[in-house]
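With the sequences and hints as input, model every part of the structure.
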Amino acid sequence: GENVEQHPSTLSVQEGDSAVIKCTYSDSASNYFPWYKQELGKGPQLIIDIRSNVGEKKDQRIAVTLNKTAKHFSLHITETQPEDSAVYFCAAVGGAQKLVFGQGTRLTINP
Amino acid sequence: SQTIHQWPATLVQPVGSPLSLECTVEGTSNPNLYWYRQAAGRGLQLLFYSVGIGQISSEVPQNLSASRPQDRQFILSSKKLLLSDSGFYLCAWTESGKTQYFGPGTRLLVL
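Protein sequence lines, in the order shown, are assigned to chains A and L.
With our numbering, the residue at position 87 of the first sequence is 87, and numbering never jumps.
With our numbering, the residue at position 86 of the second sequence is 86, and numbering never jumps.
These aren't lab readings, by the way, just hints derived from the structure by calculation.
Computed from a prediction, not measured in an experiment: that's the story for all the values here.
Hints may be right or wrong, so weigh each one.
[Stated by the list, open to error] Straight-line distance between alpha carbons at most 30 Å, and here's what the computed DSS-like set of lysine-lysine pairs gives: (1) A/K42 / L/K79; (2) A/K98 / A/K37; (3) A/K37 / A/K22; (4) A/K22 / A/K58; (5) L/K80 / A/K42; (6) A/K58 / A/K71; (7) A/K98 / L/K79; (8) A/K37 / A/K68; (9) A/K98 / L/K80; (10) A/K71 / A/K37; (11) A/K42 / A/K57; (12) A/K57 / A/K22.
[Stated by the list, open to error] To spell it out: a stretch of chain A is covered by chain L in this simulated footprint if at least three of its residues, at any positions, have a beta carbon under 8 Å from a beta carbon of chain L; those stretches are: (13) 41-48; (14) 99-111.
[Claimed, not checked] Label-pair restraints from in silico Cβ distances: (15) A/N31 / L/S58: 18 to 28 Å; (16) L/Q62 / A/V20: 33 to 43 Å; (17) A/S18 / L/I53: 44 to 54 Å; (18) A/N31 / L/L83: 32 to 42 Å; (19) L/V12 / A/S18: 35 to 45 Å; (20) A/E56 / L/K79: 45 to 55 Å; (21) A/P111 / L/Q73: 41 to 51 Å; (22) L/V51 / A/R51: 20 to 30 Å; (23) L/S58 / A/E5: 23 to 33 Å; (24) L/V51 / A/T10: 30 to 40 Å; (25) L/G27 / A/E79: 26 to 36 Å; (26) L/E95 / A/E56: 23 to 33 Å; (27) A/P111 / L/G54: 45 to 55 Å; (28) L/Q2 / A/N3: 29 to 39 Å.
All C-beta atoms, glycine included, are put in the ideal place defined by N, C-alpha and C.
Now the structure itself:
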């Protein structure tokens, strides 16, 4: 089945700098890759997703890139702000349309 | 628009007591429904998913069960709680088969 690895597990950046979180997946048949942001005590919220027919997608300060050959995808956050501090999860669609999640990255934005 | 509800928001239960957590989705029909558990500071573990009324698939052997008595209602149960059942329980749904949306979660503490 699908397996998703996410790095780093923790990331600390200065406010205004960029943050990059990377994920790799194992199943070459996976074709949908969402990213979720989870704030303390809340459910994960979808922030951006990408399908396998595109290599990059951008939404304001957030972008996701996908390399299907290498089977990895990344989340890029530019001009980070304190409200970007949260845990971020990547995921890939596995069998039976089930999402397989990475282990999560705790992002801290330092003022 | 679609919304997903979970209750209760928090629950403290003694070991050996029963459990019933409820999830309902509004504004959609025939969704796929999912139960996840998240241990403190950890990732998301898929427990059960359902593609229709009465259809439940279990991902991991455990002390829990799930039921779907109505199209937009998903229930997580246990006859006797264990200490290890403590965690943050999240319900999620998909309509299109890809984008998955999460509820606000139920925090369960078993003492």
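Results of checking the hints against the structure:
1. Taken as a hint, the A/K42 and L/K79 pair is honoured in the structure, with Cα atoms around 27 Å apart against an allowance of 30 Å.
2. The straight-line distance between the Cα atoms of A/K98 and A/K37 is roughly 18 Å, inside the 30 Å bound, and the hint therefore holds.
3. Between A/K37 and A/K22 the alpha-carbon distance is near 14 Å, which keeps this suggested pair within the 30 Å criterion.
4. Among the hinted pairs, A/K22 with A/K58 is consistent with the structure: their alpha-carbon atoms are about 16 Å apart, no more than 30 Å.
5. Taking the CA atoms of L/K80 and A/K42, the gap is near 26 Å; set against the 30 Å cutoff, the hint holds.
6. Straight-line distance between C-alpha atoms of A/K58 and A/K71 comes to about 19 Å, which keeps the hinted pair within the 30 Å bound.
7. Between A/K98 and L/K79 the alpha-carbon distance is near 27 Å, which keeps this suggested pair within the 30 Å criterion.
8. Straight-line distance between C-alpha atoms of A/K37 and A/K68 comes to about 23 Å, which keeps the hinted pair within the 30 Å bound.
9. A threshold of 30 Å between alpha carbons decides the hint, and for A/K98 with L/K80 the separation of about 28 Å falls inside it, so the pair holds.
10. The hinted pair formed by A/K71 and A/K37 meets the criterion: a straight-line CA distance of about 22 Å does not exceed 30 Å.
11. As the CA atoms of A/K42 and A/K57 are separated by approximately 26 Å, the hinted pair is consistent with the 30 Å bound.
12. Of the pairs offered as hints, the one joining A/K57 and A/K22 holds, with about 15 Å between alpha carbons and a cut-off of 30 Å not exceeded.
13. Residues of the segment 41-48 of chain A lying with their CB closer than 8 Å to a CB of chain L number 6, which satisfies the three-residue condition for coverage.
14. Look at the segment 99-111 of chain A against chain L: 5 of its residues bring a Cβ nearer than 8 Å to a Cβ of that chain, three or more, so the hint holds.
15. For the hinted restraint 18 to 28 Å between A/N31 and L/S58, the CB-CB distance of approximately 26 Å keeps it satisfied.
16. Take L/Q62 and A/V20: their Cβ atoms lie about 36 Å apart, and the range 33 to 43 Å holds.
17. At roughly 47 Å, the beta carbons of A/S18 and L/I53 sit within the given window of 44 to 54 Å.
18. A hinted range of 32 to 42 Å for the beta carbons of A/N31 and L/L83 is consistent with their spacing of about 40 Å.
19. Distance hint check for L/V12 and A/S18: the Cβ-Cβ separation is about 42 Å, which falls inside the suggested range of 35 to 45 Å.
20. Checking the proposed 45 to 55 Å range against A/E56 and L/K79 shows it holds: the Cβ atoms sit about 49 Å from each other.
21. In this structure the hint that A/P111 and L/Q73 lie 41 to 51 Å apart at CB holds, the actual value being about 44 Å.
22. Here the CB-CB span from L/V51 to A/R51 is close to 21 Å, well matched to the stated 20 to 30 Å.
23. Take L/S58 and A/E5: their Cβ atoms lie about 25 Å apart, and the range 23 to 33 Å holds.
24. The beta-carbon spacing between L/V51 and A/T10, approximately 36 Å, falls within the hinted interval of 30 to 40 Å.
25. Taking 26 to 36 Å as the suggested C-beta distance range, the pair L/G27 and A/E79 conforms, at roughly 34 Å.
26. For L/E95 paired with A/E56, a C-beta distance near 26 Å keeps the hint of 23 to 33 Å intact.
27. A hinted range of 45 to 55 Å for the beta carbons of A/P111 and L/G54 is consistent with their spacing of about 52 Å.
28. Restraint check, L/Q2 to A/N3: a C-beta distance of roughly 30 Å satisfies the suggested window 29 to 39 Å.
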